[in-house]
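Numbers 1140 to 1447, taken from the working numbering, label the letters of the sequence shown in order.
Don't take every hint at face value.
[Unchecked claim] List of simulated lysine to any residue pairs, SDA-like, C-alpha gap at most 25 Å:
| id | residue 1 | residue 2 |
| --- | --- | --- |
| 1 | Lys1229 | Cys1446 |
| 2 | Lys1229 | Gln1192 |
| 3 | Lys1251 | Lys1302 |
| 4 | Lys1238 | Asp1389 |
| 5 | Lys1238 | Lys1302 |
| 6 | Lys1238 | Leu1441 |
| 7 | Lys1392 | His1218 |
| 8 | Lys1271 | Gly1366 |
| 9 | Lys1302 | Ala1379 |
[Claimed, not checked] Using C-beta positions, here's what the derived DEER-type ranges look like:
| id | residue 1 | residue 2 | range |
| --- | --- | --- | --- |
| 10 | Ala1401 | Glu1436 | 30 to 38 Å |
| 11 | Glu1268 | Gly1412 | 25 to 33 Å |
| 12 | Pro1149 | Ala1401 | 26 to 34 Å |
| 13 | Asp1233 | Asp1406 | 44 to 52 Å |
| 14 | Phe1439 | Pro1409 | 36 to 44 Å |
| 15 | Thr1200 | Leu1312 | 23 to 31 Å |
| 16 | Lys1411 | Thr1185 | 21 to 29 Å |
| 17 | Arg1236 | Phe1439 | 28 to 36 Å |
| 18 | Lys1443 | Pro1317 | 18 to 26 Å |
| 19 | Gln1203 | Met1390 | 38 to 46 Å |
Honestly, the hints are just simulated from the structure, not real lab data. Please read all numbers here as calculations on a predicted model, not as lab measurements. Even for Gly, the Cβ is constructed at its ideal location relative to N, Cα and C.
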Amino acid sequence: MPIRIPNALPSADILGGENIFVMTERRATMQDIRPLKIALFNIMPTKLITETQLLRMLSNTPLQVDITLLHPYTYQSSHTSSEHLDTFYKTFPDIAREKFDGMIITGAPVEKMQFDDVTYWAELTELLEWSKTNVYSTLHICWGAQAGLYHHYGVPKHEMPRKLSGVFPHRVLGRNIPLFRGFDDEFFMPHSRYTEIRRADIEKAAGLDIVADSREAGVAIVMLRSGRQIFVTGHGEYDAATLGDEYRRDMAKGLADVNPPAHYFEDDDPRKGPIVRWRAHASLLFSNWLNYYVYQETPFDLAKIQCW
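Make the full structure from the sequences, and use the hints.
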């Protein structure tokens, strides 16, 4: 999928070097089609890395996608330069009157905090409410999934005894769901979190289905039956090195109970490189979302989007 991004966004050079087709604003204006409008609310601290990972995932089908990068206006990032944010990012008030085909809400390293204690929680809940009438389908990732499930359905998160980190096998529970078209019986996905959502809590929420899970990682993907909301507890977008970098960072901090990511390093040996076994299914997951839950369903006139 040609992704339409700002002319000078650093991710363009990175993705171009990986033979991934991106389209600058200059070239996109020459095509007489309506691109899919996708908002990316990026609340990860390393925004350049996360935006590149997600743009890579959105790059594999033949439609044009117009990306709007968003960051919280109620929180000052300490890991991303103000110049990058000012140049390439908008905030919720900038786009509050617009409508979008789809939106992605990323994870954030705040899962041990109570939701109400997160600096930008009020802003995020406003965005989540707005998404019900202004976005056709929203994809929530990791803590973003926990936040969405809590805000919309009252599903709590639970702290685990130790961090869940690794690449885990999953099973598809809804084989006839378009989100999983082309999937094998088993697929892998990275996880990196201290908290979890539990099946019993989700089953109390009307309209939600658990559509993928893992014996080791638990509930993996939850969705509203209409497909207007999808919640993914893992990180299919992660690069090959991401879990290893997080492991070495935690080791350097001297954190207690730091274990190598499970099923990640060759022979489970941190001295060896990672084995990438999740990339194909991650790409398929994102492209299925874009095709079957965004492109095929969104009204051509975005003004006609109705509340789910």
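Give me the numbers of the hints this structure contradicts, sorted from smallest to largest.
4, 5, 11, 14 and 17
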